[in-house]
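The listed protein sequences derive, respectively, from chains A and B. The first sequence: position 6 = 6 (my numbering), numbered continuously. The second sequence: position 406 = 812 (my numbering), numbered continuously.
Treat the hints as calculated values from the structure; they're not laboratory data. Here the structure is a predicted model, which is why all the values come from computation and not from measurement. The beta-carbon is built from N, C-alpha and C at its ideal position, and this holds for glycine as well. A portion of the hints provided could be inaccurate.
Unchecked claim - Just some of the chain B residues that point at chain A, by a computed CB distance under 7 Å:
1) ALA419
2) ALA421
3) ASP453
4) ILE456
5) LEU458
6) PRO466
7) GLU470
8) ALA484
9) LEU485
10) MET488
11) GLU492
12) LEU493
13) HIS495
14) ALA499
15) VAL632
16) THR768
There are 2 protein chains.
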Amino acid sequence: MLIVQKYGGTSVANAERIKAVAGRVSKAVKQGNKVVVVVSAMAGETDKLINLAHQISSNPSEREMDLLLSSGERVTSALTAMAIEELGHRALALTGRQMGIFTDAVHTKAKIERITGERAEKALDEGYVVVVAGFQGITETEDVTTLGRGGSDLSAVAIAHALNADLCEIYTDVDGVYTADPRIVPDAKKLDKISYEEMLELASLGSKVLQTRSVEFAMKYSVPVVVRSSFNDNPGTLVTKEDEDMEKVVVSGIAHDVNQAKITVMGVPDKPGIAARLFKGIADANIVVDMIVQNISSDGKATDISFTVPKTDSKKALKLTEDIARELDAKGVDMREDIAKISIVGVGMRTHSGVAAQMFDTLAKHGINIMAISTSEIKVSCLIDAKYTELAVRVLHDAFELEKAA
Amino acid sequence: MLIVQKYGGTSVANAERIKAVAGRVSKAVKQGNKVVVVVSAMAGETDKLINLAHQISSNPSEREMDLLLSSGERVTSALTAMAIEELGHRALALTGRQMGIFTDAVHTKAKIERITGERAEKALDEGYVVVVAGFQGITETEDVTTLGRGGSDLSAVAIAHALNADLCEIYTDVDGVYTADPRIVPDAKKLDKISYEEMLELASLGSKVLQTRSVEFAMKYSVPVVVRSSFNDNPGTLVTKEDEDMEKVVVSGIAHDVNQAKITVMGVPDKPGIAARLFKGIADANIVVDMIVQNISSDGKATDISFTVPKTDSKKALKLTEDIARELDAKGVDMREDIAKISIVGVGMRTHSGVAAQMFDTLAKHGINIMAISTSEIKVSCLIDAKYTELAVRVLHDAFELEKAA
Numbered sequence: 001m002l003i004v005q006k007y008g009g010t011s012v013a014n015a016e017r018i019k020a021v022a023g024r025v026s027k028a029v030k031q032g033n034k035v036v037v038v039v040s041a042m043a044g045e046t047d048k049l050i051n052l053a054h055q056i057s058s059n060p061s062e063r064e065m066d067l068l069l070s071s072g073e074r075v076t077s078a079l080t081a082m083a084i085e086e087l088g089h090r091a092l093a094l095t096g097r098q099m100g101i102f103t104d105a106v107h108t109k110a111k112i113e114r115i116t117g118e119r120a121e122k123a124l125d126e127g128y129v130v131v132v133a134g135f136q137g138i139t140e141t142e143d144v145t146t147l148g149r150g151g152s153d154l155s156a157v158a159i160a161h162a163l164n165a166d167l168c169e170i171y172t173d174v175d176g177v178y179t180a181d182p183r184i185v186p187d188a189k190k191l192d193k194i195s196y197e198e199m200l201e202l203a204s205l206g207s208k209v210l211q212t213r214s215v216e217f218a219m220k221y222s223v224p225v226v227v228r229s230s231f232n233d234n235p236g237t238l239v240t241k242e243d244e245d246m247e248k249v250v251v252s253g254i255a256h257d258v259n260q261a262k263i264t265v266m267g268v269p270d271k272p273g274i275a276a277r278l279f280k281g282i283a284d285a286n287i288v289v290d291m292i293v294q295n296i297s298s299d300g301k302a303t304d305i306s307f308t309v310p311k312t313d314s315k316k317a318l319k320l321t322e323d324i325a326r327e328l329d330a331k332g333v334d335m336r337e338d339i340a341k342i343s344i345v346g347v348g349m350r351t352h353s354g355v356a357a358q359m360f361d362t363l364a365k366h367g368i369n370i371m372a373i374s375t376s377e378i379k380v381s382c383l384i385d386a387k388y389t390e391l392a393v394r395v396l397h398d399a400f401e402l403e404k405a406a
Numbered sequence: 407m408l409i410v411q412k413y414g415g416t417s418v419a420n421a422e423r424i425k426a427v428a429g430r431v432s433k434a435v436k437q438g439n440k441v442v443v444v445v446s447a448m449a450g451e452t453d454k455l456i457n458l459a460h461q462i463s464s465n466p467s468e469r470e471m472d473l474l475l476s477s478g479e480r481v482t483s484a485l486t487a488m489a490i491e492e493l494g495h496r497a498l499a500l501t502g503r504q505m506g507i508f509t510d511a512v513h514t515k516a517k518i519e520r521i522t523g524e525r526a527e528k529a530l531d532e533g534y535v536v537v538v539a540g541f542q543g544i545t546e547t548e549d550v551t552t553l554g555r556g557g558s559d560l561s562a563v564a565i566a567h568a569l570n571a572d573l574c575e576i577y578t579d580v581d582g583v584y585t586a587d588p589r590i591v592p593d594a595k596k597l598d599k600i601s602y603e604e605m606l607e608l609a610s611l612g613s614k615v616l617q618t619r620s621v622e623f624a625m626k627y628s629v630p631v632v633v634r635s636s637f638n639d640n641p642g643t644l645v646t647k648e649d650e651d652m653e654k655v656v657v658s659g660i661a662h663d664v665n666q667a668k669i670t671v672m673g674v675p676d677k678p679g680i681a682a683r684l685f686k687g688i689a690d691a692n693i694v695v696d697m698i699v700q701n702i703s704s705d706g707k708a709t710d711i712s713f714t715v716p717k718t719d720s721k722k723a724l725k726l727t728e729d730i731a732r733e734l735d736a737k738g739v740d741m742r743e744d745i746a747k748i749s750i751v752g753v754g755m756r757t758h759s760g761v762a763a764q765m766f767d768t769l770a771k772h773g774i775n776i777m778a779i780s781t782s783e784i785k786v787s788c789l790i791d792a793k794y795t796e797l798a799v800r801v802l803h804d805a806f807e808l809e810k811a812a
């Protein structure tokens, strides 16, 4: 088998952890597999570099930022190759360029365009373990690019596809994908498998097991992905195509996200074009708006509009919204950061009705008020007061009997 | 003017220092110059990476070591470019590869074979400040190489030659080249200029202002080099071709080196081939022998051979010598690490006689015993007891009236 193994920052946090990774790679090689290892930067290194850049410039060049940040993964790839060689194997560390990962030129969030990979293929045929620096690629003009936060997941999945690997293992610090956060729900169950689409909803909903774009890529090219822990030998969760078993399960998991802020514009004149003006202004500032709620006022003359944005952008969004609100003759702007988005996800929702109603009913029974709702084919999300986060996750886990999942 | 400015590790040790470097670059640009900046890794970073590698492997792959160590200079090049842009200039950070620095494949101590430099030239023509990651190059097969300790000096001088720069400024934490170490001799004088050959002797004698290979390169291609401090605006020392002024000065400077160990093989049978056997064994282990002294025994039957090696290799050299000594039926082996090599350097020695005699006489007058002597056309070195290091430097500085130099 050809296996791609990706190790995240906590899995390569220091020399001891890197040696443990090498031990795991060695085991896979001894079982007769060809192995490509993709590594992240050591935990904390990327943040350290970002902090240095911000000490120097409030608005650093993105091209230089990519050159800066790509160094962390290069360090880990070299160290990991050394550790694998120390166990008696041959290992070859490759940078994004040496792996032939060509991307577009959108620095700090580049898209992979093609992976040549000849050097890796040759090395694998010669018996080397290939260790690739994740998160990075190169443009046609030889500039270094990075793939955005969590981009090493995408590197791994894309390399698995390019080399036609049999499996892509994503090693992290949790055992796999759970029905809910086990720190909140002690009897949360680890799922043996989950569909790409469910994983995609969970990834984008703030369950940080896999980077969203890597799941999209895996789904598009049907790359079989296993999420598992580098700290033990538990089997992990297989992310794969939807099958009949999965459709029988109505709700697969519950996600929560406390990293959003809610902004409300009060007393907006109820005229056409108002919402367009507001959200165009925010989109132009590259701020992603998630949920939107518009309340029709009782007298039909003015309305309130609420929406959520990532907390990291909340100050910028508030300032923008205040400017636009003045221009629109609104009564005022209010922001709340003590909110949480609770979501239930499951491909079974497609064929089962009443799931959303059961969610609302469960929350209501426990006195949890819903501020906003958004839905997709396989997901229902509710915005609630942040103080009820754990309660909401627990009562929904109970209501949908997820402790019986597996 | 096209100026290459090289900044060492202490000059880019943190965000504040990098901003100060940017200020200096900005000044040179505002004076109408085109500037190429070559940077080292932030002070301490390279040692941190070497330490990590040794935690993982006692004998790490040199190819992977180069990939690992090259990351430090990439970080600094990106940060320095950001800092220069922050001051309103356009800046472009280039890796060794992007600068087109091609080397042979001797990892960890690669030799530069050619520098293409088209991208740098184009950027300079477009008004960019070009910031190059020092210390690194790339092989024809796209593997990353490094140029050995202090290799960023060599990067700077070689780039200055390749781009036909008018001047190569080496910024460090001292004001220039002194007649002796100012920490030992308070009235040591900074030299306004010094010849390549003298600088070469001083560099190889343990005065750490410039890396030896960079001086050889500068001499070979007549690259004008200025050594100066990044912490003040003092004019520094120009390293250039020998001229008439320089020849009038008998001794330009005094160097001391306490990083050698002396090994003595006692009672070696006085037969042909013995020295060859001994030094071939040591050379085969890649240990550089510096001074060699052989004492003819009074009875003509046995002899003592002493030689010096770098302290970093002393244990390895001692073990080897003991093995060879047994084979040669020698009486024993002894090692001393408390020794110092004191050297006087000056192109004027070529035309002035009696310089060596004056040195021996001065040391003898102060009760300093000489254990070994070596000479070249422009240098005399004496090996002495380490406890006399400061005394020897001071009395020689006095004897040759170096406090009057300039």
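Going through the numbered hints above, which ones does this structure break? Give me the numbers in ascending order. Per hint list: 1, 3, 4, 12, 13, 15, 16 violated.
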